[in-house]
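Please put together the full structure from these sequences, using the hints given.
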Amino acid sequence: MATEAERSIEERVAALERALAEKEREAEVLRAELARTVAQHEIDRRKASGELRILAALTEHTPDAVVLANPEGDVTHVNGAYHRLFGRDEAVLGTPLVDALRPGDASTREALYAALVDGSTYRGILTLRGATGAPLPAQVDCYVVRAGPEEVLGLAAVVQDLSEEQREEVERAELEAKVIASQEALIRELSTPLVPIAEGVIAMPLVGSIGDARAQQILEALLAGIQEHRAEAAILDITGVPTVDTSAANALISAAQAARLLGTKVILSGIGPAVARTLVELGVEMRGMTTKSTLSAAIAEAIGPAWRRR
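Residue numbers (numbering that gives the first Met the number 0): 0 to 309.
None of these hints come from the bench; they were simulated from the model.
From the three backbone atoms N, C-alpha and C, an ideal C-beta is built for every residue, glycine too.
Be a bit skeptical, because a hint or two may be false.
Stated by the list, open to error - Label pairs and their computed distance ranges (CB to CB):
no.	residue 1	residue 2	range
1	241	197	45 to 55 Å
2	164	38	29 to 39 Å
3	134	249	46 to 56 Å
4	192	130	33 to 43 Å
5	70	45	22 to 32 Å
6	145	94	19 to 29 Å
7	172	95	30 to 40 Å
8	134	180	25 to 35 Å
9	259	192	49 to 59 Å
10	249	192	15 to 25 Å
11	134	95	18 to 28 Å
12	8	45	49 to 59 Å
If you want it as structure tokens, here you go:
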């Protein structure tokens, strides 16, 4: 039969064995938790590594130049597009970010420095110096990369070459100018149409108001038509002219006088009561110009025998 001392020792041993078993269970739980943590860390590491590889691939394949710098502003990385835009220069690593962007003038350099020193973002269209030293128009984005309000991870800049866009814009502007010039020429031609009626007879039916610019067009078109068709008679039909003011009247008189200098008679047709009254009120001198109320009457006058005998 065990003594009291032996039972006490056995109880103590049993208690220690239970405590050891509990510690082993806790250790197992900790080992399992550690294994899960390590596995998750490996998953996270691989994911982060994959994301970094994707970002690196995007950086290398983007057509825009990418420049990265440390918190002190010294360049740590440039992508392939940087070398295409600015020339292959390995010495760019370690230089200040602003210098790596090669600003074209002092004001551009100061603007970039000010933005980065203030920790703000700079975005604008600047003129930089390209690989050959020639001006390089570019969209520039500079910003500070932060991990928190007070923690700066580094600086970054993205440069987009706008040379092609500007060339296209210039070409587009030149094309638009050519189209506008063609349209204006067509409008001038249509606004002062000259129609051969018979041998030696031309007619110019006018439509719309007659301002100073159009008056010059009328005169030029009339004189050119007289010379081209060797016209002995020219009909100016103003049926489609809504109003005849002093400017329009003077234009018609000038056209008639210029035609007479070329030996051509001018017939003015399409004069209605309102226009006749306006011409009288304006005191327009119509000497040297035959007038008819309709275009058909003017044509009959121009091609009739009576005209040829003049």
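Going through the hints against the structure:
no. : hint                   : in the structure
1   : 241 to 197: 45 to 55 Å : 29 Å, violated
2   : 164 to 38: 29 to 39 Å  : 50 Å, violated
3   : 134 to 249: 46 to 56 Å : 52 Å, holds
4   : 192 to 130: 33 to 43 Å : 56 Å, violated
5   : 70 to 45: 22 to 32 Å   : 28 Å, holds
6   : 145 to 94: 19 to 29 Å  : 23 Å, holds
7   : 172 to 95: 30 to 40 Å  : 37 Å, holds
8   : 134 to 180: 25 to 35 Å : 29 Å, holds
9   : 259 to 192: 49 to 59 Å : 22 Å, violated
10  : 249 to 192: 15 to 25 Å : 22 Å, holds
11  : 134 to 95: 18 to 28 Å  : 21 Å, holds
12  : 8 to 45: 49 to 59 Å    : 55 Å, holds
Consistency with the previously given hints fails for numbers 1, 2, 4, 9, ordered from lowest to highest.
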